[in-house]
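Protein chains in written order, with the numbering used here: chain A, 298 to 613; chain B, 3 to 274.
Misleading hints may appear alongside valid ones.
Capping the alpha-carbon separation at 30 Å, the derived lysine-lysine pairs in DSS-like fashion look like this [claimed, not checked]:
#1 563(A) <-> 506(A)
#2 563(A) <-> 542(A)
#3 494(A) <-> 611(A)
#4 488(A) <-> 112(B)
#5 611(A) <-> 367(A)
#6 104(B) <-> 470(A)
#7 470(A) <-> 488(A)
#8 442(A) <-> 563(A)
#9 542(A) <-> 367(A)
#10 267(B) <-> 563(A)
#11 506(A) <-> 469(A)
#12 470(A) <-> 442(A)
#13 104(B) <-> 469(A)
#14 470(A) <-> 494(A)
#15 488(A) <-> 563(A)
#16 333(A) <-> 367(A)
#17 488(A) <-> 222(B)
#18 367(A) <-> 494(A)
#19 488(A) <-> 469(A)
#20 410(A) <-> 542(A)
#21 470(A) <-> 267(B)
#22 104(B) <-> 506(A)
#23 367(A) <-> 470(A)
#24 367(A) <-> 410(A)
#25 112(B) <-> 494(A)
#26 494(A) <-> 542(A)
#27 469(A) <-> 267(B)
FYI, nobody ran anything at the bench for these hints, they're computed from the structure. All of these numbers come straight from a predicted model, not from anything done at the bench.
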Amino acid sequence: MTWLPLVSLTGVGTVISLAVIGGGLLWLLYRSLLAKEVDRRIIFLFIFLSVAAPLLFPITFEEEATPVVKAIFDRIESLPEGSRILISFDFDPAMAPEVQPMAEVVTQHCMVKNHKVIFMCLFATGQALLTQSLDQIMSEQFPDKLDGLDYVNIGFKAGNEGVLNVIVSDFKKMFPTDVNAVPYDSIEVFKGIRSAKDLDMVFTVGGGKPGVKEWVLFVGDPGRVPVAGGVAAVVAPQMYPYYPKQLLGIMGGIKGAAEYESELRKEYPQFEDVDAPGLRMMGPQTLAHMVIMAFIVMGNIAYIVQRRRDGQRKRL
Amino acid sequence: MKRSSVIILSVVLLLFLVSWIWKASVLGADPEETNVWGHAFGITFAAFLTLAILSFLYRDNPFYKFAEHLFVGVSAAFWMVMGFWSTIVGNLVPRVSESLSKFFEVPFDKFAVNYFYFIPVILGILLLFRLSRDGGWISRWPLAFIVGTTAGLNFIRYLRSDFIEQVSSTFVPLLVDWQGFGHFIANLNLSATGQLALTVGNWVIFLGVFCGLVYFFFSKEHTGIFGAASRVGIWILMITFGASFGYTVMGRISLLVGRITFLFKDWLGLIS
Chain A
298 MTWLPLVSLT GVGTVISLAV IGGGLLWLLY RSLLAKEVDR RIIFLFIFLS
348 VAAPLLFPIT FEEEATPVVK AIFDRIESLP EGSRILISFD FDPAMAPEVQ
398 PMAEVVTQHC MVKNHKVIFM CLFATGQALL TQSLDQIMSE QFPDKLDGLD
448 YVNIGFKAGN EGVLNVIVSD FKKMFPTDVN AVPYDSIEVF KGIRSAKDLD
498 MVFTVGGGKP GVKEWVLFVG DPGRVPVAGG VAAVVAPQMY PYYPKQLLGI
548 MGGIKGAAEY ESELRKEYPQ FEDVDAPGLR MMGPQTLAHM VIMAFIVMGN
598 IAYIVQRRRD GQRKRL
Chain B
3 MKRSSVIILS VVLLLFLVSW IWKASVLGAD PEETNVWGHA FGITFAAFLT
53 LAILSFLYRD NPFYKFAEHL FVGVSAAFWM VMGFWSTIVG NLVPRVSESL
103 SKFFEVPFDK FAVNYFYFIP VILGILLLFR LSRDGGWISR WPLAFIVGTT
153 AGLNFIRYLR SDFIEQVSST FVPLLVDWQG FGHFIANLNL SATGQLALTV
203 GNWVIFLGVF CGLVYFFFSK EHTGIFGAAS RVGIWILMIT FGASFGYTVM
253 GRISLLVGRI TFLFKDWLGL IS
C-alpha cells in the first residue's frame with residue numbers, strides 16, 4: 298500500500314509555478330500575521346493560478362479505486378459478455394466537465410467487455426453531449442462496434458420521472474424508435490427486452506433532477522434493477538445512504554471518475570494512451586484544494602492573532 | 003457614455019476581432035474544416051462570454067450583465083423550443099394524428115393512438131390563462147392537477163425507497179462476519195473491505211443515526227446521557243455538512259477546470 302500518491306512533476310514550469318504559488322501564500326501569511334487585510338480578488342487570483350498551472354504544466358497522481366467505485370467496475374467486469382446495460386446521460390453542459398468523464402469511462406469499459414449498451418438521456422441538453430461522446434468513443438476507439446447491434450442511442454424523451462415510470466413496465470411505449478427513427482422491434486440490442494426489469498444493469502450519470510435518485514426511486518427499487526450512479530460532487534453525500542443496498546456503487550465527482558479511469562487502465566493497458574480527463578483534472582483539483590486549505594489556516598491564524606491583540610489592548 | 007467606457011468597449015471589440023481573425027487563420031490550416039469563419043466566431047464568442055462571466059469576480063460590469071442577460075434569454079427560448087418539439091411533437095402528435103405526424107416527420111404509431119391525450123392538451127391550454135387578468139384563476143385547475151399527480155406519484159416511491167428501504171438499511175450487523183475473537187485477531191487488517199473497517203463503519207451508522215435522531219427529539223431536556231448523545235448527534239451533522247462542503251468545493255473546482263481547459267485548449271491552443 299502506498300501512503301503517498303506517486304507524484305511525477307514534469308518540467309521546470311511545474312516547479313516555477315509551484316514556487317510562485319507557495320511564495321505568494323507565504324507573503325499572504327506574513328501579511329495576515331501583521332493583521333493586514335487580504336483583498337478577496339487576491340484569493341480568486343490564487344485559485345486561478347492553482348488551477349491553470351497544473352493544466353499548462355501537468356501534475357499527475359496515481360489513483361486507487363475506493364470500494365464504492367470498485368463495486369461498479371467489478372459489476373461490469375463480472376457480467377457475462379453481451380449483457381444489456383443502460384447508460385443514461387442525465388446532465389447538461391453546465392455539469393459536463395465533472396460528470397461526462399464518468400459516462401465516457403463506463404462506456405469504454407462496457408465496450409471493451411463486449412456488452413450491449415443502450416444510451417439515453419432525461420435532460421434535453423444531454424442529447425448533444427451523448428451524441429458527441431458516442432461519436433468520439435466509437436469512431437476513435439471502437440470502430441468495429443455497430444450501431445443497433447452492439448449499442449443503440451435512443452436519445453432524449455421529455456417527461457422526467459414519468460419516462461422512468463413507464464420504462465419500468467414497457468420500454469417500447471416510451472421509445473418506439475431510436476434517434477435514427479429505426480423501429481424498436483428491429484433493433485438487435487433490444488431483443489428480449491420488454492422493460493427496464495430485463496436489463497442487467499443501469500448506470501446513470503447526473504447531478505440534477507431527474508438524476509440518480511429518480512432512477513433508484515422509479516426503476517431500481519420497484520423493478521429490482523441493479524442501478525449504479527455517477528454523480529456531481531455537490532449531490533454525492535446525498536447518494537451515499539443508498540449504497541450498497543439501493544445503489545451498487547457511486548462515483549462521486551471527478552475523483553470518482555479518476556479512480557475508475559485508473560482501474561480501467563490497470564485492467565486494460567490499451568487505454569494507457571487514451572485521454573483520461575478524470576486523472577488529468579486531479580492535478581488542478583489537488584493544488585486548488587491545498588491553496589484553499591492554506592487560506593483557511595491563514596484565516597484562522599489572522600483571527601487568533603487579532604483576538605490576542607485585542608485582548609492585550611483591553612488589558613492595557 | 004463616459005469616455006473611459008468608450009475606450010474599454012473599443013479595446014474589447016478590437017481584441018475580439020483580432021482573436022476571431024487569428025482563430026480563423028489557425029482553423030484554416032485544417033483541410034477538413036468547412037466553416038472556418040463560423041467556427042472561429044463560435045469559439046471566440048464562447049471565450050468572450052466565459053471571460054465576461056468571470057469578470058464579475060473583479061466587480062460588476064456591463065460585460066457581465068450582457069453575458070448574464072444573454073444566457074437567461076437564450077435559455078428561455080431554448081426551453082420553449084425544446085418543450086414544443088420534445089413534448090408536443092415528440093410525445094403527443096404520434097399518438098393522436100397521422101396527418102400531423104406526417105407533417106412533422108415523426109413516426110406515427112397507430113397502436114398507441116389514445117384520445118385521452120387531449121386531456122393534458124386542454125389542461126396545458128388552461129395553464130396559459132395565467133396570462134389573463136380576469137381568467138387567471140382557471141390556471142389553478144391544471145396546476146392543482148400537476149401538484150396532485152406529482153405528490154401521488156412520488157408519495158409511494160419516496161415511502162418505499164427513502165423510508166422503508168432506508169430504515170431497513172440501518173439495521174446492520176454490529177459485528178460483521180463474526181467467527182470468534184481469535185479469527186478476528188488473526189485476520190486483523192486496515193483494508194476498507196476488512197472485518198474491522200466494516201464493523202467500525204456499521205457502528206458509525208448505528209450511532210450516527212441514533213444520536214442524530216436524539217438531537218431532533220425535543221420532548222425531553224438534553225441533559226445527562228441524553229444530552230451527551232445529542233452532542234454526538236450535532237457532531238455527526240457537522241461532519242456531514244463538512245463532507246458536503248468539501249464535495250461542493252471539489253465540484254466547483256471541476257467546473258472551473260472545465261472552463262479554463264476550454265480557454266487554454268479550444269481558444270488559445272496552449273494545451274493539446
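Verification of the hints:
1. Among the hinted pairs, residue 563(A) with residue 506(A) is inconsistent with the structure: their alpha-carbon atoms are about 34 Å apart, more than 30 Å.
2. Using a Cα cut-off of 30 Å, the hinted pair residue 563(A) and residue 542(A) holds, with the two alpha carbons roughly 27 Å apart.
3. As the CA atoms of residue 494(A) and residue 611(A) are separated by approximately 72 Å, the hinted pair breaks the 30 Å bound.
4. Simply put, residue 488(A) and residue 112(B) have alpha-carbon atoms about 22 Å apart, close enough for the 30 Å limit, and the pair holds.
5. Taking the CA atoms of residue 611(A) and residue 367(A), the gap is near 58 Å; set against the 30 Å cutoff, the hint is violated.
6. Only pairs whose Cα atoms come within 30 Å are accepted, and residue 104(B) paired with residue 470(A) is accepted, the gap being roughly 20 Å.
7. Of the supplied pair hints, the one linking residue 470(A) and residue 488(A) holds, its CA atoms being roughly 15 Å apart against a limit of 30 Å.
8. The suggested pairing of residue 442(A) with residue 563(A) holds, with an alpha-carbon distance near 23 Å, which does not exceed 30 Å.
9. Simply put, residue 542(A) and residue 367(A) have alpha-carbon atoms about 15 Å apart, close enough for the 30 Å limit, and the pair holds.
10. Taken as a hint, the residue 267(B) and residue 563(A) pair is honoured in the structure, with Cα atoms around 28 Å apart against an allowance of 30 Å.
11. Between the alpha carbons of residue 506(A) and residue 469(A) the distance comes to roughly 23 Å, so the proposed pair stays at or under 30 Å and holds.
12. Restraint check for residue 470(A) and residue 442(A): the C-alpha separation of about 27 Å stays at or below 30 Å, so the hint holds.
13. Simply put, residue 104(B) and residue 469(A) have alpha-carbon atoms about 20 Å apart, close enough for the 30 Å limit, and the pair holds.
14. For the proposed pair residue 470(A) and residue 494(A), the alpha carbon gap of about 14 Å is at most 30 Å, so the pair holds.
15. A C-alpha spacing of about 33 Å is found between residue 488(A) and residue 563(A), which places the hinted pair above 30 Å, so the restraint is violated.
16. Taking the CA atoms of residue 333(A) and residue 367(A), the gap is near 48 Å; set against the 30 Å cutoff, the hint is violated.
17. With a C-alpha separation of about 60 Å, the suggested pairing of residue 488(A) with residue 222(B) is violated against the 30 Å cut-off.
18. Restraint check for residue 367(A) and residue 494(A): satisfied, since their Cα atoms lie roughly 24 Å apart, inside the 30 Å limit.
19. Distance hint between residue 488(A) and residue 469(A) is fulfilled; the C-alpha atoms sit about 12 Å from each other, no more than 30 Å.
20. In summary, the hint linking residue 410(A) to residue 542(A) is supported, as the alpha carbons are separated by about 25 Å, within the 30 Å threshold.
21. Distance hint between residue 470(A) and residue 267(B) is unfulfilled; the C-alpha atoms sit about 43 Å from each other, more than 30 Å.
22. Distance check on the hinted pair: residue 104(B) and residue 506(A) sit about 33 Å apart at the alpha-carbon level, beyond 30 Å; violated.
23. A C-alpha spacing of about 35 Å is found between residue 367(A) and residue 470(A), which places the hinted pair above 30 Å, so the restraint is violated.
24. With a CA separation close to 16 Å, the supplied pair residue 367(A) and residue 410(A) stays within the 30 Å bound.
25. For the hint pairing residue 112(B) with residue 494(A), the CA-to-CA distance comes to about 26 Å; that is within 30 Å, so the pair holds.
26. The hinted pair formed by residue 494(A) and residue 542(A) meets the criterion: a straight-line CA distance of about 17 Å does not exceed 30 Å.
27. A threshold of 30 Å between alpha carbons decides the hint, and for residue 469(A) with residue 267(B) the separation of about 42 Å lies outside it, so the pair is violated.
Violated hints, listed in ascending order, are 1, 3, 5, 15, 16, 17, 21, 22, 23 and 27; each of the other numbered hints is respected by the structure.
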